[in-house]
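Please build the complete structure, drawing on both the sequences and the hints.
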Amino acid sequence: MLQSQENTIRHIVQMNKAKINPNQWKINYFHRQQQLGEKELMDLYSQGLEPEFKEREVKRVTLSSYIEFLGIDTAAELFDCSPHTVKAWRYGNRQPSTEQAKKIIVASGGKLDFFSIYGPIDELKDKSETVE
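In this note's numbering, the protein residues as written are 64 to 195.
Simulated restraints, written as ranges between beta carbons of each label pair: (1) Asp143 - Leu99: 24 to 34 Å; (2) Ile75 - Asn156: 38 to 48 Å; (3) Asp143 - Gln68: 44 to 54 Å; (4) Ile72 - Tyr181: 24 to 34 Å; (5) Ile184 - Glu140: 25 to 35 Å; (6) Ala170 - Glu120: 16 to 26 Å.
DSS-like mimics (lysine-lysine), calculated; alpha carbons at most 30 Å apart, straight line: (7) Lys122 - Lys150; (8) Lys102 - Lys165; (9) Lys165 - Lys122; (10) Lys174 - Lys122; (11) Lys102 - Lys174.
Hints in this document: simulated from the structure, not taken from any laboratory.
All C-beta atoms in this analysis are idealised placements derived from N, C-alpha and C, irrespective of residue type, glycine included.
This is the structure in structure tokens:
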């Protein structure tokens, strides 16, 4: 009986996957981010905070280009790590840990985010890595 239920569930999941638009995850993801972001913004606005440079167009900056702009040594000092580590990030040989990425986001004054550090979520290096 249990094996039969598992097979039925597996079949339903596979049928649903076949019907889902390949970009549905993306709209769900960004909608969720927008909703969560709006709640955070309202809380911060209620504290009397305002974003700096509101008049500027918001553009995504990559970690690599930010390091290039700052310079290896300045970035190492700002991110509290070695120039060797920053150089590895700059040239894509390594990526920061999740904890280091959080510190980088704070140290950059919010100019960088997880997309800036790790790349857009829909740009997987190997298509076999896609979520099924």
